[in-house]
Amino acid sequence: MTVPKSLDIKVLGDSAIIIQLGEGIHPSIHQQVKNLSYLLEEYPFDGFIESVPAYNSLAVYYSPYVVHQSKNGFQLDGTPLEKVTDYIQTLAAQISELPVTEGRLVEIPVLYGGEFGPDLHIVAETHGMTIEEVIEIHTTPEYLVYMIGFAPGFPFLGGLDERIATPRKLTPRTSIPPGSVGIAGKQTGVYPLETPGGWQIIGRTPTDLFMPDMSPPSLLQSGDKIKFCPMTQEEYDAQKKVKTCQ
Amino acid sequence: MSVNVLNAGLLTTVQDIGRTGSQKFGVLVSGAMDSYSMRIANLLVGNAEREGVLEITLFGTKLQFEEDTLIAITGGDLQTTIDGIPVANWRPVLVKKGAVLKFGFAIEGCRAYLAIAGGLDIPVVMDSKSTYMVAGIGGFKGRALQQNDQLSFGKMTESNEKVFKLIEREGTPDWAVPHHPLISLESTQTVRIIEGTEYKHFDEASKQLLVHEPYVVTPQSNRMGLRLEGQALSLTEKIEMLSEGVTFGTIQLPPNGKPIILMADRQTAGGYPKIGQVITADLGSLSQVKPNAKLYFKLITHAEAERELIAKEELINQIKIGIQHKLHY
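Going down the list, the sequences are from chains R and A.
One point on numbering: in my numbering, the residue at position 149 of the first sequence is 149, and numbering is uninterrupted.
Heads up, my numbering is the position in the second sequence plus 246, with the first residue counted as 1.
Quick caveat, the hints were computed from the structure, so don't treat them as lab data.
Predicted model only: the values in this text are computed from it and were never measured.
Check each hint, because a few of them may be wrong.
Calculated cross-link-like contacts (lysine-lysine; reagent style PhoX-like; alpha-carbon spacing at most 20 Å) [claimed, not checked]: (1) A:K572 <-> R:K10; (2) A:K572 <-> A:K408; (3) A:K544 <-> A:K566; (4) R:K186 <-> R:K227; (5) A:K446 <-> R:K10; (6) A:K544 <-> A:K446.
The shape of chain R in the complex, shown without the other chains (with noise of 0.2 Å):
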């Protein structure tokens, strides 16, 4: 893995910095993503409030009074956003001793089409697919958590085959279902709750994926990788509480 020679840092605010790790959607910057997120977890510097992972970049948050304040662990004795950068430099320089590492594979089961799905047939038409074939193209991949925003939980995933690519819905829907499985141009994800929006409703997952009461409150984290399996109207039932594809 190649080391950032030198980091992008663009200043979000008196409180925050976004590290640019490259551009576009790509598996490897986003593991140079994850690394820095995981270096700085495990090495906070004082005043660190948290860090955010998004496709190719790091959100920090910080406490600028506290790294004014504090002498701990910082080489500099600049402003709080010098002692900062300065600080994550350093760590990043460690980025390439790190393993490359796998993220955890999440199943997730979808009933497709019928009530719960009900833009299904849209993507098949507009693609001229029949329904199975639809289905078949969206359960092959092994999507890749980028980051977890928008609603709590909810997983922005790359992965998706072009060949069902679909656009939008022109009229966004004012409510759907929590569980719901959609797809939007390029995009396909899971709505943990229930909100507007505008995407191609495909199935929908009895699988939670926010569960406030539960630590971490989110099924999925950033680098981990989904698979779609589909089910069937009966195990959907069954399996509202279950956890898994079996």
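Following the hints, complete the assembly by docking chain A onto the known chain R.
For chain A alone, kept in the frame of chain R given last:
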């Protein structure tokens, strides 16, 4: 020990310093819109600075106390009364058993904060008591207060007791925390910003408009964001954006060119270009603007923004010492 909600008002929620540490799971930070007022309210009753308080919006909240209770009200001036008698803000106040605390209409600012000695007795979810309304977690049953809710508060600590006894003995103090250096309650405000992450992609005319033209806070504004009306801003050319972190005070531009300032209940990530970022030191004042308020933006440097923030934290330390001093003598 509890307080009964006779009238919930427009929007009353439990808020603390915010739910940090779970943004990577898509969980919003939430927290008090004006955290300076929230922190001072807690300090005035002897609570920990980050304890949960009630955030009362614009008007209409009416509460009845079941016990003698020590409270403090800070933030906007909502013409608060206890059994019809005006209450002084920014100082500790004793409320007698059965008394009715009523918030009228906001004559200055937009949000009042009510701290209760002993704190609010509600479960901590992911390290915070803040209400996360969309997910239905935190706060009082994950929602805004409603009529007939009964909100319990915690047992008083030694430091609460100290304030309680003093106020019981001497009555409402004749001193108050000077809030002007911390927050502004003016209806027209100048808010200081620094350049946003995509600032350089905006055309020169837009950069000029941003700092010379007023922007009006529309009634569609809420805890998630302030939607502004004014001259539309534009990029020199369309840029490819991927979702990435955003924060409190981020000024983002959706395709219609009308700025939105992200506030306490912002999403964890956004994909719109960011022209500016309100400095942390001015977020309390910004949170006090009412719908239809006029905002002017002033561009300053990052180093100045840091200095302002540090100065305000030091001021809070002085206030903390000042309050302790008042209570000991």
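Cross-check of the supplied hints:
Only pairs whose Cα atoms come within 20 Å are accepted, and A:K572 paired with R:K10 is rejected, the gap being roughly 44 Å. Of the pairs offered as hints, the one joining A:K572 and A:K408 holds, with about 11 Å between alpha carbons and a cut-off of 20 Å not exceeded. As the CA atoms of A:K544 and A:K566 are separated by approximately 30 Å, the hinted pair breaks the 20 Å bound. Annotation: proposed proximity of R:K186 to R:K227 holds, straight-line Cα distance about 16 Å (limit 20 Å).
Of the supplied pair hints, the one linking A:K446 and R:K10 holds, its CA atoms being roughly 12 Å apart against a limit of 20 Å. In summary, the hint linking A:K544 to A:K446 is supported, as the alpha carbons are separated by about 17 Å, within the 20 Å threshold.
The structure fails hints 1, 3 (numbered hints given earlier, in ascending order).
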